[in-house]
Amino acid sequence: MPERPPILVVDDNFDNTEIIAHYLGARGYPITVAHDGDEAMARFEEVRPALVLLDVMMPGRDGWEVCRLMRQHPALGKRVRIIMVTALDEWDDKRQALQTGADDYVTKPFDLPKLAATVERNAALLPPPLPATPAEA
Amino acid sequence: MTPAGTAVTGGAGGRGDYAPALITDAGAEEGAEGVAADVVRAAAAAMGGWRTCVCPARELGAGVLATPDARTVVVTTDNPNAVRDAVTAARRAGVAVVVGCADETARRRAAELRADDWYVLPGTADEVAARVRTALTRAAPGGAAATADRIERAEFEHLLYDARTGLPTLPVAIERSRAGITERGELVVLYLNFVRYSKLEEIYGWERLDAVLETTAEAVRGFIGGTALANSRALVTYTNDADVVLFHVPAAGRPAATDAEITELSGGLAAHVAARIEAAHGEEVAALFDIYVGVAHVYHNPKVRLERLVYRGIREAANAAKSVAERERARKVADLRASLRDGLVYVDYHPIVEAATRRVFGYEALARGVLRALRSPEVMFEVAAEADLLWELSRLCRTRAVEGMATRLSRGELLFLNVDPQDFADPEFTERQLAVDDPRRVVIEITERTAIKDYPKFRERLRAFRDAGFRFAVDDAGSGYAGLGSIANLEPDFIKLDMSLIASIDANFIKQNLVETMVKFANDQGAMVIAEGVERAEEFDAVRGLGVHLVQGFYLHRPAEGEHAGEGAGLLH
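Heads up: the sequence lines are chains A and B, in that order.
As numbered in my numbering, residues 1 to 137 make up the first sequence, in order.
As numbered in my numbering, residues 1 to 573 make up the second sequence, in order.
Worth flagging that the hints you see were computed from the coordinates, not collected in a lab.
Among these hints, one or two may not hold up.
[Unchecked claim] Which bits of chain B does chain A cover? Going by a derived footprint, with three or more residues having C-beta under 8 Å, they are:
| # | region |
| --- | --- |
| 1 | 99 to 112 |
| 2 | 126 to 138 |
| 3 | 510 to 521 |
[As the list claims (entries may be wrong)] Straight-line C-alpha distance at most 30 Å; calculated DSSO-like pairs for lysine-lysine:
| # | chain 1 | residue 1 | chain 2 | residue 2 |
| --- | --- | --- | --- | --- |
| 4 | A | Lys78 | B | Lys199 |
| 5 | A | Lys78 | A | Lys114 |
| 6 | B | Lys199 | B | Lys322 |
| 7 | A | Lys108 | B | Lys520 |
| 8 | B | Lys199 | B | Lys453 |
| 9 | A | Lys108 | A | Lys78 |
| 10 | B | Lys520 | A | Lys114 |
| 11 | B | Lys199 | B | Lys457 |
As the structure is a computational prediction, the values presented were derived from the model and not from experiment.
The beta carbon of each residue, even a glycine, is placed where N, CA and C say it ideally should be.
So that you can see chain B by itself, here it is in the shape it has in the complex (with noise of 0.2 Å):
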């Protein structure tokens, strides 16, 4: 129902013209305040041919209920039975409240009553007429029962349908597709599992993910509208999981997909997703995605329900594509194998530069696997994990970094080099073991995200780096909840700040603000804040209004194309 301006029938007194009634007690007491009521009168005017009705404050309720062209009051009195009565009658009638205030007593009595909204006694016309505005929106679905009905229909919506991504859920997707599967009689379920998502969302943050989670669903619905599934009934997928579903309920006349055709489309939706992932949210993101398919058919069968077919089928097809995972797997390991006997991994050279004067301070290095699956230092290392291979990987992109470090650092440069915490329980990670000429021009990057498991232990090899020279930052800095005791444990020279932090920091002041605590904090410990990720000048104003010292990022540097890019890297700016 639209609030003002619907044509009600039969106005009183047989008069053929409708104008639609505002009703006030202003100006119904002569001698009381006049200007209050020339400003509802001038409201009215300004509405657009309403007409005022003028009665006592006692008779408002009885005014509103007799007059069917009502479609608001303005009440000013500071009687509080006639405010209630008047308030009262308007909710019977459907009639919005504004009610004129001229105190603090009287606003809260407003806001208890729950008028539709309120204004200053004595008001000026604008605003009158603004708050009837608002007043007639918000009386116009009629109470709190048609908001009760909002707020469930939001809930199921949110059940139903995926917020981020617009895709439905599993029970409304069988729904959709029960007639096509009973009447085919069959059904092909394709499981996408998509990894590394989590550590999207621990790298990038949550923003980050969620714009990745509606990129993802928009390439799969676009990629499969081009191929043999086009004519498939629905894809969907799990709330806030990275998963998707997809129902192939094959077009009458024609056949199902096939086993070839599917494998030889996922292949296809891998890359497309992959390219389009890219487009959006470059390469280093891209790095990380992977995507398994599994396949699982399944027949209509008339004496099991279909949800139960249906979810058996998801079952056998998610099992499917983690028994692909697992193979795609022992590949990587094998390749990871082979970097490790033939030393295939190289380093790119990321600058971090000085925020007041765009000078390079020094370089951190990012070592990266030559073969194509290992290029992203991130799978690199999980497949190292999991291999049990960890030391063996660090040892070697140890090596690799700081024999760079005389050929692509000039003199007093620094290098920053990343060391997993598990590294220090390696009986060959000594500070005689890394072979630099000038420890004080090494850093050593702790990351905050792995928990240290033996504490007194790591304390004591850390000891034994400083006394030799070595510096110590702590990288993702404020990336977990923890705050700052846990940064001041580690005595560091520098804190990294988690990239999360950085991401559009100049639109948020709590990123500005936790940013302020920890160079504050920097600065009493005697240390170097560097924020990482940078990527528009936004983001590098900000933090450098905000005092950080040290900045690293696209913003500042792009990585070259190709090949061994720490080659032909230069800064842009």
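Looking at chain A on its own, in the form it has when it is part of the complex (with noise of 0.2 Å):
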């Protein structure tokens, strides 16, 4: 079985980072879940995920701010590759996702076969991992 990518998935909402985290486990990816930004950005360096889904509406640091963050990171910042997950649809919303840095989105409320074809899309074009290097002491 080929190597599933690590995906952090972030979402102020429990049922749906649960929901997720099934259904996308289930498929083999290792998931570890954050529930607001700080969490997220904690979660980020220690997990090292390939993948993050990103909601853009949460409380305190809001997915956009995020997704910034994530990018500026010196050394994960320009592996990773983010999917936004937003409740619009909308051609500023893309625009917006596109300035911030995200890879692709997916919108709310979720269609879960969807979501695991944009997850695999976004894997299929990772680049190769790095050579494993040792935890922080």
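The two chains are supplied separately, each in an independent frame; assemble them into the complex guided by the hints.
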């Protein structure tokens, strides 16, 4: 079985993270969840996910800001692929997603097979993995 | 702290050999699910010499606290209180928690309790081992406090170093140079003002600007390293801005760089950075590049705070850079006047090709100055706008472009002509003044970037051109947030997609989606879509796959080197 890339799922709604984690977890993706922007940034550094599913509407740091911060991360920012999760499907949303450095988007409410397809097509474009680095001492 | 494998002294019961322990309730109750227990035991074995301690679910918490070698607890019970107790105890002991979940409710509970990881019962040995490993890394740094600490550190780092260029910000540089300045008593501040970087972002998108900023910082560092300023203390950047400040504290026993040296250096620096940008990002980007260097000397004065002295020096150097920029601009305006008088403008014809057949469909006329400083059309028109010579320049460029039609274009090929919305206010720009035999062969490109001021008047002029047979293209479509409404207003025959939408479109699904939307819209309106700035085969395949009708860019055509590039240009493919 090909190695599935690790995914960080960020959503302030516990039900959503749970459903997504379950659905994608069952497809063999290692899943980490976070429920706000700060936690997302911490988990991002910890697990170094290859993909991030990032909800736009969150209290505190919203998805756009988290996306920008992740992209600016010196070690990880260029490699990670970021998929925005948004309730809106308008031109200017997509434009903003581009501007903040996102690679793809999915719309709410979730269509799980479509979500899996989106994850899959982004996984297919990942750069080859870095040689394993020892966990921080 | 490494989570697993750390030697723990004095294992319980005087056993000499230490083995990390996995504590679980799986298999504790007789007759309960034997499979889950086997799986957990197999997982512990797969971890490499872990031992498994089985205890009843209600005693898990106590078991965790009583076992000094405990590293992970795997909870499989569906008793909520037992799970809670186990998690609480594990938190207190710094032990990772993995919850085996029988159903959705159990999973939700595990998430709410912030278990480090979870899996679906009964699971497999491999999966449980993997969950234990990730749980260990997550539990490792010691909980929420460490997380908050890390975030704070990241935020501070953000303030102290620019993420793109890796250069320190001003406060850091002042701190670093403090001792040197006090000791030496003087400091030279160089202000490097890079112009037109915002233009770069506007045309090519922020990804390209970021890349150019990185190249710039690297080139500046590389250049300074080989000069009289090599002993300088610090390069500084304003986060997310193109300008860079350089502190030069001369080394002990060495004189500071003289003004003459610095002037010479700044010339060399400009050439060096421009060459590096051209090598990395191509001629078009490099042509936009300009740098102005200003210098100020700061002398240490024990009565005045160092920060204030430094900031004053920076301001002075920035002003000096500005006056250099103004001198340069005056020179460019003089060049432009000469160009207008002597007609020193030539036209590059960039082919626009049918995506399906790769046959030439038409050419976009790009006017360039013959004089070196005005080679870039962007720069030339910027200078014209500042000097209020826009109409004059536009007239000359249009005349030149139309002149070339007879010689450069084959029959049936179209000429795409850039027209600024402001040109429509020029009384000399009329459908009759454009001396073309067949207006249907001319497509007037209007950029979406510049706001149209007098809309009714503009539409009226548009109508007159259209009635005469001219066609229209919306240039840079999709560059703004406006969407499709503003494009529909112009009823274009062609929609030219903004270059930033095309760059790396093969790897970005949002760009693909936007282009797809635009193609659908164009097909409904009976217009054709042109993808501009196609540089790679992957981009070409992507836009063709999305139904884009016409393509333009270096993938299909590289301008020939040297003067009057238009003449020798051929199709590569």
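Hints, verified against the model:
Counting residues of the region 99 to 112 of chain B whose beta carbon lies closer than 8 Å to any beta carbon of chain A gives 5, which meets the minimum of three for the stated coverage. Requiring three or more residues with a Cβ within less than 8 Å of a Cβ of chain A, the coverage given for the region 126 to 138 of chain B holds, as 4 such residues are present. As drawn, the region 510 to 521 of chain B meets chain A at 5 residues by the rule of a beta-carbon pair under 8 Å; at three or more, the given contact holds. A C-alpha spacing of about 23 Å is found between Lys78 (chain A) and Lys199 (chain B), which places the hinted pair at or below 30 Å, so the restraint holds.
Annotation: proposed proximity of Lys78 (chain A) to Lys114 (chain A) holds, straight-line Cα distance about 25 Å (limit 30 Å). Pair hint Lys199 (chain B) plus Lys322 (chain B) holds up; C-alpha atoms about 18 Å apart against a cutoff of 30 Å. For the hint pairing Lys108 (chain A) with Lys520 (chain B), the CA-to-CA distance comes to about 23 Å; that is within 30 Å, so the pair holds. About 21 Å separates the Cα atoms of Lys199 (chain B) and Lys453 (chain B), which keeps this hinted pair within 30 Å; it holds.
For a cut-off of 30 Å, the pair hint linking Lys108 (chain A) to Lys78 (chain A) stands: about 26 Å separates their Cα positions. Simply put, Lys520 (chain B) and Lys114 (chain A) have alpha-carbon atoms about 21 Å apart, close enough for the 30 Å limit, and the pair holds. Pair hint Lys199 (chain B) plus Lys457 (chain B) holds up; C-alpha atoms about 28 Å apart against a cutoff of 30 Å.
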